[in-house]
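Could you build all of it, start to finish, from the sequences and the hints given here?
So you can see what is in the structure, the chains are spelled out below.
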Amino acid sequence: MAFKIDSVVAEPVATLTLVGELDSLSARVFQTEIEKLTTRSITTLVLDMEKLDFMSSAGLRVLIFSKQKIGVGLNIFIVKPQELIIDTLEKTGLHHSVTIVDQYPV
Amino acid sequence: MATDIRIDYYPTHEQEGIKFRRGHVLPFGATMVPNGINFSIYSSEAIDCTLVLFERGESAPFAEIRFPEEFRTGNVYSMIVFDLDYERLEYGYRMDGPFNPEKGHRFDKSIILSDPYAKAIGGRDTWLAKPNWDDIYPYRSRLVFEDFDWENDHPLETPIEDLVIYEMHVRGFTQHPSAEVKNPGTFAAIRSKIAYLKELGINCVELMPIYEFDEWENSKENPVTGGLIVNFWGYSTVNFFSPKAGYAATGKFGMQVDELKTLIKELHKNGIEVMLDVVFNHTAEGDHRGHTISFRGIDNKTYYMLTPEGYYFNFSGTGNTLNCNNPVVRNMVLDCLRYWAADYHIDGFRFDLAAILGRDQNGAPLSNPPLLESLAHDPILAKCKLVAEAWDAGGLYQVGSFPAYGRWAEWNGKYRDGIRKFLKGDDGLVGKMAQLVQGSPDLYYYRGPTASINFIACHDGFTLYDLFAYNEKHNIANGENNNDGGNDNDSWNHGVEGETEDAGINQLRHRQIKNALSILMVSQGVPMILSGDEMGVTKYGNNNTYCHDNELNWTDWGLLKKNADIYNFARHILRFRRAHPVLRSATHFQHRDYVGSGFPDISFHGTQAWKPDYSDSSKCLAFMLDGAHAKNGTIQDDMIYVAMNTYWDALYYELPVLSAGRNWYLAVNTSMPSGEDIFEIGKEPILSEQGRFLVGGRSTIILVGK
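Quick mapping for you: the protein sequence lines, in order, are chains A and B. Counting in my numbering, the first sequence runs from 1 upward without gaps. Counting in my numbering, the second sequence runs from 1 upward without gaps.
Hints are computed from structural coordinates only; laboratory data are not their basis. Using N, Cα and C, we set each Cβ at its ideal position, and we do this for glycine too. Certain hints may be false.
Said to hold, decoys possible - Counterexamples of contact, computed for chain A against chain B with all Cβ distances above 12 Å:
#, residue
1, I5
2, P12
3, T15
4, K36
5, T39
6, I42
7, V101
8, V106
What the hints assert, rightly or not - In silico DSS-like cross-links for lysine-lysine, where the CA-CA straight-line distance does not exceed 30 Å:
#, chain 1, residue 1, chain 2, residue 2
9, B, K19, B, K109
10, B, K19, A, K69
11, B, K252, A, K4
12, B, K269, A, K67
13, B, K252, A, K69
14, B, K269, A, K69
15, A, K80, B, K182
16, A, K80, B, K193
17, A, K80, B, K269
18, A, K67, B, K182
19, A, K36, B, K19
20, B, K631, B, K611
21, A, K51, B, K252
Written out as structure tokens, the structure is:
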């Protein structure tokens, strides 16, 4: 399924809804959206992944990139990720850098 | 972007839509640069070099770019290629040059070669997933990102004398179903066993080879069992800079680097160091009949030690020998170790068959090997532990004489052999034992006890349980007619070969394991235990299980229950070592009282106090450590008295008299059943008789004077 991303910014919270498959090509789209946020006053990044079926290593890298670009103090909430995505986050240790929730606001 | 205006990053050449320009010669390997990737590779004899680019997993390359002559500087070909997808790229090289094995040249431009400096290798992404045998490029060089979030992590720099090393195989540790982990056999699964490692009390894991290797190498059907024989241990490197993808649950996503780094970070958070078992003595390319993967096709004469006829010297016993004291290879080894220390936060390295690293290009031992000296004095490796397996398969045995430069420690093979012989009751070993428990000053007088990595069992040879259950090796399952593996095991089955229902024999075997663990933990030097020995793992007498991906190598966690007495004992004896700094000296004993306590730092005894019996038939030795001399008198500790009796019957040992107000307490008595064989720190019962102790036959006691 083609990747789609929808962005809503209400400072200090940015909410991105990710749909489809996040592979190495679509990761660039995701990264571009993150780069746009660097000019805004964002302290919380909400990533709605309920309808994201797959996330490649490139997608995971964007999570790291988010912290680096927006700041280490950035709170990242991942909303309703699928089991496969949770599993990958855990195996690579990235679950320590994000908060996995069923809904946002928590 | 600022990078776009840099004139040196504009393409100057184009081929079929791919833009490139002259690259940077250093660093070697593939490096991300603004808008592109810098490729750099060395070959002293190639006449032509071509960069080959693949989309990940594709059978044919999407481009082959010959390095223009002006892109060569000296013997280094370098090129920047623009607009490549870092994530999807796989790359290799074709090298053209003479194919003349007698002169040491094996160029073959029909073969696509792996980059020796690749940071990840594709092709064996999932353990034992059947490869595409028709792949024109089976071991594919890949790039990795260097954006791992280490937070505040850094190598722990624990003083080496305070380590208890735990030698572990990544897959074997958690692959057995009884491990009950989510991703068995992987880096991720080890993370879920960290709590266990902490409870056991080790503070350093030594990972058997995790550099990329091919588990399919020399695979064949086992003629005995019908199962598959594979390269399980991994002592056969395909690439020195890449972690084994098949050891990562995320290897199929190409995220093995992140998974391994996450494991290291978690271990560090829990106070556990990570040491790598590194194999720089040979590669997976084998001898003249082997496959060309990388080195032999890039610069055979540089990377390997060759005979005058152009064959491979075989000091490793595996077909070839890396030419480690060639300056180019030496730099590669140094670059590699620096990379692992800096980018993976590795705390130390154990060098497999390290004596090879001290041979010159013709195989002769060097008095001042430049590689070993370089490693010892390297600023990036300055805090890393460097440990040598100080022998090789070519007959060079350097235990006690390995060129150390004040830095190197050694696997003390003489410790292993001496303790084994003593425990099975051989004559003439009491004098030797007195040396071994002191950290082998006869071997390491000028280097201190920290030069001695003490062990009784390791991956090579019998497990600790099998040491006391088998007289002979039982390697039929290896498919080599029981000809492989060592014959000098110094083992004793205690009456029956292998498993038995005889309760007396089983009890004695367990006692011997406890004796071994006790002696190991009260010896000066750095103790190392083989993973699983704390619960009595068996390999059923197989002393060379390099090729089995099955229960022979998978830790059976059910043994924690079956051999609960061994595990309980192991856990407590490790705590005992940690609780008593007098057991962990960085310097040798002086055999005198230099702090005014009234006792020498160490004293030896026999069945009579102050009178050790070093005669040939003696099987009794005791020693006492004065706690006032702990860490050179800088820390106050208790008195420790250890008595070892390998005579078959119980003997009274006269105890040294303590200073006024102090008493002897019983910490360990291996002749007693579980529950009474070892006591918690601070809960040791006082001896009712302070003047002597009846030490059981083939038993060890440890007393605390306080």
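Quick rundown of the hints versus the structure:
The claim that I5/A is not at the interface with chain B holds, since no C-beta of that chain comes within 12 Å of its own (minimum 18 Å). Listed as outside the interface, P12/A is consistent with that label: its C-beta sits roughly 22 Å from the nearest C-beta of chain B, beyond the 12 Å cut-off. Against the 12 Å criterion, T15/A stays outside the reach of chain B, whose nearest CB is about 23 Å from its own CB. Residue placement check: K36/A keeps its beta carbon more than 12 Å from all beta carbons of chain B (closest about 15 Å).
Residue placement check: T39/A keeps its beta carbon more than 12 Å from all beta carbons of chain B (closest about 15 Å). Against the 12 Å criterion, I42/A stays outside the reach of chain B, whose nearest CB is about 19 Å from its own CB. With a least beta-carbon separation of about 20 Å from chain B, V101/A lies farther than 12 Å from that chain, consistent with its non-interface assignment. At roughly 23 Å, the least C-beta separation between V106/A and chain B is larger than 12 Å, which holds for a residue marked as non-interface.
Taking the CA atoms of K19/B and K109/B, the gap is about 23 Å. The hint holds against a cut of 30 Å. Proximity of K19/B to K69/A is assessed by CA-CA distance (about 29 Å); at most 30 Å being required, the pair is judged to hold. Distance check on the hinted pair: K252/B and K4/A sit about 24 Å apart at the alpha-carbon level, within 30 Å; holds. Between the alpha carbons of K269/B and K67/A the distance comes to roughly 21 Å, so the proposed pair stays at or under 30 Å and holds.
Between K252/B and K69/A the alpha-carbon distance is near 28 Å, which keeps this suggested pair within the 30 Å criterion. Distance check on the hinted pair: K269/B and K69/A sit about 26 Å apart at the alpha-carbon level, within 30 Å; holds. At roughly 21 Å between alpha-carbon atoms, K80/A and K182/B fall within 30 Å of each other, so this suggested pair holds. For the given pair, K80/A sits about 28 Å from K193/B by alpha-carbon distance, which is consistent with the 30 Å threshold.
The suggested pairing of K80/A with K269/B holds, with an alpha-carbon distance near 29 Å, which does not exceed 30 Å. The straight-line distance between the Cα atoms of K67/A and K182/B is roughly 28 Å, inside the 30 Å bound, and the hint therefore holds. For the hint linking K36/A to K19/B, the alpha-carbon distance of about 29 Å falls within 30 Å, and the restraint holds. Straight-line distance between C-alpha atoms of K631/B and K611/B comes to about 26 Å, which keeps the hinted pair within the 30 Å bound.
Simply put, K51/A and K252/B have alpha-carbon atoms about 22 Å apart, close enough for the 30 Å limit, and the pair holds.
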